[in-house]
Each structure stands twice: as structure tokens, then as C-alpha cells.
Amino acid sequence: MPIVLFLCLSLSSLLSSASASEPAAGGAMSAYEVLKSHGLPMGLLPKGIQDFRVDGEGRFEVRLEAACTARFESQSEVRFNSTVSGTLSYGQIAPLSGVAAQELFLWFPVRGIRVDIPSSGLIYFDVGVIYKRFSLSLFETPPDCIPLSSFSEALGEGSRIARLVSKSQLGELRYNLDQKGARGVVL
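FYI, in mature numbering (1 follows the signal peptide of the UniProt record, and there is no 0) the residues of the sequence shown are -20 to -1, 1 to 167.
It should be emphasised that the hints constitute simulated quantities derived from the structure, not laboratory data. For every residue, glycine included, the Cβ atom is placed at its ideal position computed from N, Cα and C. Where hints are given, some of them may not hold.
Below, computed lysine to any residue pairings styled on SDA-like, alpha-carbon distance capped at 20 Å [stated by the list, open to error]:
#, residue 1, residue 2
1, K16, P127
2, K16, F32
3, K27, P127
Cβ pair distances, simulated, as ranges [unchecked claim]:
#, residue 1, residue 2, range
4, S129, G38, 28 to 34 Å
5, D124, W87, 17 to 23 Å
6, S62, F85, 22 to 28 Å
7, G36, K16, 28 to 34 Å
8, A8, Y111, 30 to 36 Å
Work the whole structure out from these sequences, hints included.
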């Protein structure tokens, strides 16, 4: 009888210690928790994550509701495809796919992201020829992300307004030139 009691207590102790070591919420960490555990800010990924998977090697895949654009500074935008993937290691994601950063009206694919260890308060986006540098504080919380269809509609409306302004300015210029030319013509 004492052996049975000992085995039951040992098994119970083993099961409780195993369950205590598992992450909360069904045994899976969220994408944001995984970023934090790798020394990266949670705001590198936008709100709207539908699915997240990571393997033992740090390779991950994130599925978003839709491709979208997030604004981090007044002039800096980052575009996310509906699927973002890469490899995590402490303080960096490289290689990375499914993310692009805007620079001077052009979109460049972000090949990797890294933070300084120990932290300098900066984060770097590798966009090929340069590293875009940002304050880490911009990435403390996951940003709202505007679906590209809405973003494209807004961009299309902005382009339409720009064309109308351009046409009206061109029309005014033609009118002014015609008026000047009419004054010099004597019939």
C-alpha cells in the first residue's frame, strides 16, 4: 500500500510540474509574447493576427486578416502582406519576408529587423542598401493596420484630387496664356 501511495504522489507531482511549465492559453504563446521572449518589441507585428506558428528553430509564420499598412511615425509607413514569415533569434528577425518599408515614395522589402544588445533604444530595419533606424518606443504596442483595399481607395481618392488640382492649374495657365495672347492680337 505505501508503494502505491508513493507512486500516486510521484505521478501527481510530475504531472503538476509539467503543466506548470507549459505556457498559458492552451499551451501556445501569442506572436507578441514570442517577440518579447526574443528581446524584440511587440509592436513589430500589427493587430489583426489570425494565425501564428513558430518552430523550435525560430522559423515563424504570421497570417493577418488582410494585407495592410501601418504608420509608425508621421512619415514612416510599413506594409504587411497577409502572410509574414522569417526566423527569430535573440534581438533580431532575419531573414524576413512579407514586410516593406516606405522611403521617399518607394517601397523597399524589409530583409531583417534587429535591436542593439544591450539596448540603445533603437531598432533597425534592413531594406537592402541601408538600415532604416527608428526609436524602439514606436514599437511598444501593436499598431492598427489599415487593410490595403481601404488604403488603396484612400490613395486613389488622393490621386484623383491631385489630378483635378493639376488640371485646374493647367486650365488656369492656359486661360492666362490665352488672355495675354488675345491682348496682343489686333484684327
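Tested hints:
no. : hint                   : in the structure
1   : K16 x P127             : violated, 25 Å
2   : K16 x F32              : holds, 15 Å
3   : K27 x P127             : holds, 11 Å
4   : S129 x G38: 28 to 34 Å : holds, 32 Å
5   : D124 x W87: 17 to 23 Å : holds, 19 Å
6   : S62 x F85: 22 to 28 Å  : holds, 23 Å
7   : G36 x K16: 28 to 34 Å  : violated, 18 Å
8   : A8 x Y111: 30 to 36 Å  : holds, 32 Å
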